[in-house]
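Q: So you can see what is in the structure, the chains are spelled out below.
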Amino acid sequence: MSRKRDRHYFSRHDAAAKRRRPLPEPVEEERPTTRPALPSAVVVMGLPQDCSVLDLKSRFEIYGAISRIRIDRDAVGYITYRSKESADAAIAAGVDPSFGITVSSKKVQVLWATDPLAMWREGVGNSKDKGHMSKLVRAEAPLSKRGRGNRLASAIGNPKHGENSSRSPVLEVPFKGREIRHEAVMEESEKTEKKDEKREQVVWSWGAGTEGQLGTKIVKDELFPQLLHQPSLSSISSLACGGAHVIALTSAGKVFSWGRGNSGQLGHGEVVSNALVPKGVTSLDGYFITHVAAGWSHSGFVSDSGCVFTCGDGTFGQLGHGDYASHCSPVKLPCFGDQRVAQVACGMRHSLVLLKDCVGNQVYGFGSGKRGQLGVSNDKVKSVNVPRAVTGFDGVEIIGIAANGDHSAALSVDGHVYTWGRGFKGFEDAPVPHCLNSSLNFIKVALGWNHALAMTGEGEVYMLGGNHLGVLSDLQNISPQAMHVPVDLREVNVEKVPGLEGMKITDIATGAEHSVIVTGKLYSFDNGEIRTWGWGEHGQLGLGDTRDQINPVTVNLGYDLNEAESIKVFCGSGFTFAVTMP
Amino acid sequence: MSYDDVEIEDMEWNEELQAYTYPCPCGDLFQITKEDLKLGEEIARCPSCSLYITVVYNIEDFLADSDQNRRNKGIQPSKQQTVTVA
Numbered sequence: 010m011s012r013k014r015d016r017h018y019f020s021r022h023d024a025a026a027k028r029r030r031p032l033p034e035p036v037e038e039e040r041p042t043t044r045p046a047l048p049s050a051v052v053v054m055g056l057p058q059d060c061s062v063l064d065l066k067s068r069f070e071i072y073g074a075i076s077r078i079r080i081d082r083d084a085v086g087y088i089t090y091r092s093k094e095s096a097d098a099a100i101a102a103g104v105d106p107s108f109g110i111t112v113s114s115k116k117v118q119v120l121w122a123t124d125p126l127a128m129w130r131e132g133v134g135n136s137k138d139k140g141h142m143s144k145l146v147r148a149e150a151p152l153s154k155r156g157r158g159n160r161l162a163s164a165i166g167n168p169k170h171g172e173n174s175s176r177s178p179v180l181e182v183p184f185k186g187r188e189i190r191h192e193a194v195m196e197e198s199e200k201t202e203k204k205d206e207k208r209e210q211v212v213w214s215w216g217a218g219t220e221g222q223l224g225t226k227i228v229k230d231e232l233f234p235q236l237l238h239q240p241s242l243s244s245i246s247s248l249a250c251g252g253a254h255v256i257a258l259t260s261a262g263k264v265f266s267w268g269r270g271n272s273g274q275l276g277h278g279e280v281v282s283n284a285l286v287p288k289g290v291t292s293l294d295g296y297f298i299t300h301v302a303a304g305w306s307h308s309g310f311v312s313d314s315g316c317v318f319t320c321g322d323g324t325f326g327q328l329g330h331g332d333y334a335s336h337c338s339p340v341k342l343p344c345f346g347d348q349r350v351a352q353v354a355c356g357m358r359h360s361l362v363l364l365k366d367c368v369g370n371q372v373y374g375f376g377s378g379k380r381g382q383l384g385v386s387n388d389k390v391k392s393v394n395v396p397r398a399v400t401g402f403d404g405v406e407i408i409g410i411a412a413n414g415d416h417s418a419a420l421s422v423d424g425h426v427y428t429w430g431r432g433f434k435g436f437e438d439a440p441v442p443h444c445l446n447s448s449l450n451f452i453k454v455a456l457g458w459n460h461a462l463a464m465t466g467e468g469e470v471y472m473l474g475g476n477h478l479g480v481l482s483d484l485q486n487i488s489p490q491a492m493h494v495p496v497d498l499r500e501v502n503v504e505k506v507p508g509l510e511g512m513k514i515t516d517i518a519t520g521a522e523h524s525v526i527v528t529g530k531l532y533s534f535d536n537g538e539i540r541t542w543g544w545g546e547h548g549q550l551g552l553g554d555t556r557d558q559i560n561p562v563t564v565n566l567g568y569d570l571n572e573a574e575s576i577k578v579f580c581g582s583g584f585t586f587a588v589t590m591p
Numbered sequence: 016m017s018y019d020d021v022e023i024e025d026m027e028w029n030e031e032l033q034a035y036t037y038p039c040p041c042g043d044l045f046q047i048t049k050e051d052l053k054l055g056e057e058i059a060r061c062p063s064c065s066l067y068i069t070v071v072y073n074i075e076d077f078l079a080d081s082d083q084n085r086r087n088k089g090i091q092p093s094k095q096q097t098v099t100v101a
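Quick note, the sequences are listed as chains A and B, same order. Going by the working numbering, the first residue of the first sequence is number 10, and it counts up by one from there. Going by the working numbering, the first residue of the second sequence is number 16, and it counts up by one from there.
It should be emphasised that the hints constitute simulated quantities derived from the structure, not laboratory data. The structure presented is a predicted model; accordingly, all values stated were derived computationally and were not measured. Incorrect hints may appear among the rest.
Taking lysine-lysine and the DSSO-like style, the derived pairs with C-alpha atoms no more than 27 Å apart in a straight line are [unchecked claim]:
| # | chain 1 | residue 1 | chain 2 | residue 2 |
| --- | --- | --- | --- | --- |
| 1 | B | K49 | A | K379 |
| 2 | A | K577 | A | K505 |
| 3 | A | K116 | A | K226 |
| 4 | A | K263 | A | K453 |
| 5 | A | K434 | A | K379 |
| 6 | B | K49 | A | K434 |
Some chain A residues flagged as far from chain B (calculated, every beta-carbon gap over 12 Å) [unchecked claim]:
| # | residue |
| --- | --- |
| 7 | S61 |
| 8 | I100 |
| 9 | G103 |
| 10 | S306 |
| 11 | M357 |
| 12 | L509 |
| 13 | V562 |
| 14 | E574 |
| 15 | K577 |
Stretch by stretch, here's where chain B covers chain A in the computed footprint (C-beta under 8 Å, at least three residues) [what the hints assert, rightly or not]:
| # | stretch |
| --- | --- |
| 16 | 109 to 116 |
| 17 | 218 to 230 |
| 18 | 540 to 548 |
Glycine is no exception: its CB is placed at the ideal position from the N, C-alpha and C atoms.
For reference, chain A alone in the conformation it holds in the complex:
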């Protein structure tokens, strides 16, 4: 049964027509600009500038179940309740002379959507240009009807308070028999929903945002996760986050990019200081891209045919084209002949390439080699501008590569991690790959500028560069119990991340000086909690402040995953993205 649930797209669709029509793919570019206001729709005016959709939702769902909610660029919120009674309650609370409604201690005005003043606002907001922009800034949060997420959030917001409607999903009158029946109906509806509904992909970003890298269309740091909903990104399969730019790869093999573009790293064919909204890398349209990478100010792309392309800053030879020129459109590397490329990785000033199905030289490096990050020779290599084979992988099958800062890493098929380049705290630079002395079976490795995370097949996470802890705060101020004991004397440089006992880690990511993991309890589907630690000055930990953390702390996304979904995390230097995957 593929028919999707009906949804109220508040404000843009004729409700009756909508109800009969199966929902097409979640591409919502063209919408009628006029529509009759629903009788249960209200408009909230005078919101604080930093009010998020989730803030608004948690404040207003105490009056009843919300079916649709959004905030426009001009700080006007639009809320459609499931019942007219809930909307009545919100309006009544808003005009209460002694209290009124406040959001983040700012008093707001609540009007019927049919109110002439609100209609006028709506008209303004719906002008072609503004309407489009508002979507990108604070997009609509599609709320599933009685979904788990909604219920969870409702519980936080105490839905019983101020709720008079007997038709409300949460009953407060002591009518036991009816209550039980009601619960049963809810469960039934939930089941149906889980089976039928393919939820839209949800994307959050937080942290340093002054180059537009968060995709919020606002150039400022965000301390809390910001919900993005961008039609062009409706099927992200992977993100690559660099110094201040992001490359998004869709499941259709298309590439979008945004953020800082002053070196051509966005690949848009022009040099722009920054791009605030995702824009397609159209010169790659003839290829199906399967892998993307973002360095400090350069980018790499791999096609399904095994071609590799680079663009951006080439000052150190990191584009690999045999010169030190920069390019603002992806340029194909000709030098691998008929050997096919599987992956590309971009660090601060160097790049790595992994070939597929090949024996012998599998990994290549180019760009700056001052700290040994190219791994091509025991001798000092200042820089190379054409790919050179990384040494030391004879008889080893490499399945993954990583680069960040002046570090390089590779993962072998038998679960070993190799690192080279700048030494982690207390260790010398390594000009050729060194196998991490560990019996653990690693399946993923992520590099920062002074630390690395490695995840095992059993869902455990280990940190390299242990003394640094991915924390910039003064080490003297860190309490002794926070300094971790090495798991094994042979593994003095590898430490298990504490506080995760009983958790199975499903994904890891590292920024320059922060770490992000996705946790789930063992033996349970209840996964998808994000935890962060490290440097927090720009809000990159998503905890609502700018403090550093030395242990993993849970980020509140205000979202409940359904069983089919998982979360992937991605980090740029000072920012973080989280994306739900179906």
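Assemble the complex: chain A is given as a structure, and chain B must be docked to it using the hints.
A: Below, chain B alone, put in the same frame as chain A:
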């Protein structure tokens, strides 16, 4: 606490900022001007955050030469090149 020690030759001359720069982990750039270097200043700061780096350089290189001379000899930090429009 200095985030890192960076040699001047690893810094890039940024024409727009008129400063030597080096990537900061926040995404912005550590910056130090020639005037600062001539005064013996060795801290390059990031305008966006609290971090700073210690610049390792020889002050004589900056005192002895005029700007023009230094471009042709002595220390040669990597210069940002113009981006080729492909």
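Q: Which of the numbered hints are not met once you compare them with the structure shown?
A: 6, 10, 11 and 16
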